[in-house]
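The primary structure of each chain is shown beneath.
2 protein chains.
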Amino acid sequence: MDVSNPQGSWFDGKVVALAGGVGGAKLAHGLAQLLPPEQLSIIVNTGDDFEHLGLMICPDIDTVLYNLAEVNHPVQGWGRANESFRVLEEAQRLGHDPWFLLGDKDIALHLLRRSMLDAGLSLTEVTRNLARRLGVWHPVLPMSDQPVRTVIITPEGEMPFQEYFVRRRTKPTMLGMRLAGLHAARASKSVQEALQAADGIILCPSNPFVSIGPILSLPGVREWITSKPTIAVSPIIGGQALKGPAAKMMKEQGMAVSALGVAQYYADLIEGFVLDEADSSLAAEVKRLGITPFVTDSIMRNKSERRRLATKVLQFLKQLTGAIEV
Amino acid sequence: MDVSNPQGSWFDGKVVALAGGVGGAKLAHGLAQLLPPEQLSIIVNTGDDFEHLGLMICPDIDTVLYNLAEVNHPVQGWGRANESFRVLEEAQRLGHDPWFLLGDKDIALHLLRRSMLDAGLSLTEVTRNLARRLGVWHPVLPMSDQPVRTVIITPEGEMPFQEYFVRRRTKPTMLGMRLAGLHAARASKSVQEALQAADGIILCPSNPFVSIGPILSLPGVREWITSKPTIAVSPIIGGQALKGPAAKMMKEQGMAVSALGVAQYYADLIEGFVLDEADSSLAAEVKRLGITPFVTDSIMRNKSERRRLATKVLQFLKQLTGAIEV
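Note that the protein sequences, when read in sequence, are chains A and B. The working numbering numbers the first residue of the first sequence as 177 and each following residue consecutively. The working numbering numbers the first residue of the second sequence as 177 and each following residue consecutively.
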C-alpha cells in the first residue's frame, strides 16, 4: 500500500474514520493509501455482527479488512475475491439453509476469529491479530468489545439485522431500530484513545442509521466527536444510496431522502459535509445548516478513485481544521 | 443400505458395538448392512475429541458416521471422499499451522455441530441430528455428553491425544494415559439404555487403550458388559495393528504384541474372541484363558468384506449367546 506523500503530509495530525460496510470500507481504503498507520484509525460498526453456522461473523469489520488488504470481492459488497463455496455447498447438502453466503476463504477467517475469541481474546485483540495476518497495518477498531446487536423494528415484529438485511433483502418497512446490549456496552479502550487523540474525524459514506448510528450510540462517542473537527461524506447521491437500504430507511423514517437529509441528521456533529457533484445544488442548503459544504465526485469505482476521494476529503478536513483552529 | 436378511435374522435381539476409529467404523458399517437400526447401536469413543480452529472435532464419531453414510475417504482412515481443502489453505495463508487436516466437507459438518452445541443441544442430540442429515439411521451414540479427553503420558510430559497422535505421529513413547474429565463424566442415557437392552456386545477392532478404553472407563460400563454375552475382534493381526499405534502402545505397556495380548487385556469382559487366520496358532492359548476363539479372515478391504466379517461375527455371537443362555 502506498502511504508515501510526495507533496508533503496529506493531513497534519491524526485522523479517525468511522465506517460501516462497503462505502465506508472503500473510503477507509482510500485514506489508508495516503496516511501511515500512526495517523489513521478506523472505527468499525459491530451492530451487524452475528453468530451463524457456529461462526462469529463481523460483516463490517471483515469488509474493512478485506478492502484494506485488497482481497475483497471486486463487485459484490462483501466477501473475498476468487472465492469458492465448498463448505456451504456441503452444509446445504446436509440440510443447512444457505441464506447467508459464506465463502471458504471467508470461513477460514471466521474460524481463526472464533478460536481466538474462544481462547479469551477480546474482539479488539482478535481483529488486530486478523488484520496483521492479512497484512493490514492500520488500526481497524471494533467499536466495542461488548456485543451490541442492531435489531430492526418492522410491522412483522423485531428482526435481527442480518435477518432483515440479507434473508429479507431489506423488504420489510423499518419502523425503527434498537441496539440490543447497548446498556452494557462501551466504546473499547482503543476507540476511546483514538477519538481522544484525533485531530480530525471522518464519518465515511456508510448507512447513517445501522452503520454509523451504533458507533454514535456508545456512551461518550458523540461528545468526543463534537469536540473535534468532523466531516461526513454523504452516502446518498442523487437521492439514492449506492449500496444498501439507507435511502429506503430515510424515507421510512420520514426524512428527506437526499444528501441534505444526511447533513441534517449529522448537523450537531459535523462542521463539513462532502456532497457528490450530482448534488451540488444542495450545497447552499447545507451551508444554511451552518455546515461547510464540499462538492466533489464522490463515487469510488476503483482503487485510484478511492485514493482520489480520500485526497479531497483530507484536503477539506485540513482546510476546515485550520479554519477551526484559527 | 441393505439391512434385509434373506436367510432370516442374522442375530436374534439387540447388538451393541463399541467402536473407536477406522477399524471399528469398518465393522460397524458391516454390521449396519445386516441389522436394522432397532437391532444395532454403536457406542463411540469421544476421548479423541478436541477443539481446534474454532471447531469441535469428534474424530471417532465422524469416522463412524462417514463410514455408515458411505461418504468416507476410501483410503485414508479419516475424512470424506472427494474432499477439498480451500478453508485450510486460506487459514494457512493467514498463518495457521495446518497440522490437523480438515477438509471443506468435514468443516461443514463441524460447523453444524458447533452451531447445535452452541444452541444447547447435547453431543448425543447433535450426533443424532448429524447422522440423520447424512442418512444414517442406526443409533451412533457418543459414549458421554460430558467431555472426557485422553491425555498421553510421555517422557516429554503429558500430551493431548491429537497432539500425540497427529502432530507427533505417535512418535513419543506412551508411558501411560489418563482421561481428563472422567471424574465428572458418565455414560449418556442413550448409552446406558443401549447397554441395558443389549443381547450381545461386540468390541470392534479398535485400539484397546485409546478407543475402547475410554468407553470402558465410564462408571457402570464394565459391569453392563460383563453381564452380557460379549465378543471382541482383534485389532492386532500377525503382531501388527492394521492402522494406528495399538501395537506400539502394547509394546510400550509391556504387553505381548499379539492378538493374544488383546484377548488377555479383555479377558474379564469377553466370552468370545475373533482372531485373524494369520493368528490361528493363538486360538488354543485364547481358549486357555477361558475365552472361545473364532478364526476368520478379519481384514476388511471393501464394503463386501466388511459385511462378510460382520456376518461371521454375528454368527459367532449368536452361537455364543445360545451357549450362554443354555
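In case anyone wonders, no lab produced these hints; they're calculated from the structure. Predicted model, so just to flag it, every value in this text is computed and none were measured. Fair warning: there could be bad hints in the mix.
Where chains are identical, the list cannot tell them apart; a pair therefore holds if satisfied intra-copy or between any two copies.
Below, a list of computed lysine to any residue pairs in the SDA-like style, where the Cα atoms sit at most 25 Å apart [said to hold, decoys possible]:
| no. | residue 1 | residue 2 |
| --- | --- | --- |
| 1 | 494 | 355 |
| 2 | 479 | 270 |
| 3 | 479 | 269 |
| 4 | 427 | 372 |
| 5 | 463 | 356 |
Here is what the structure says about each hint:
Neither within a single protomer nor between protomers do residue 494 and residue 355 lie at most 25 Å apart by alpha-carbon distance, with minima of 34 Å and 64 Å respectively. Taking CA atoms no more than 25 Å apart as the test, residue 479 paired with residue 270 passes between copies only; the shortest distance there is 23 Å, against 40 Å inside one copy. Proximity of residue 479 and residue 269 under a CA criterion of 25 Å is satisfied inter-copy only: 24 Å between copies versus 38 Å inside one chain copy. Proximity of residue 427 and residue 372 under a CA criterion of 25 Å is satisfied in neither setting, with 34 Å inside one chain copy and 66 Å between copies.
Neither within a single protomer nor between protomers do residue 463 and residue 356 lie at most 25 Å apart by alpha-carbon distance, with minima of 36 Å and 69 Å respectively.
When the structure is compared with the earlier hints, violations turn up for hints 1, 4 and 5 and for no others.
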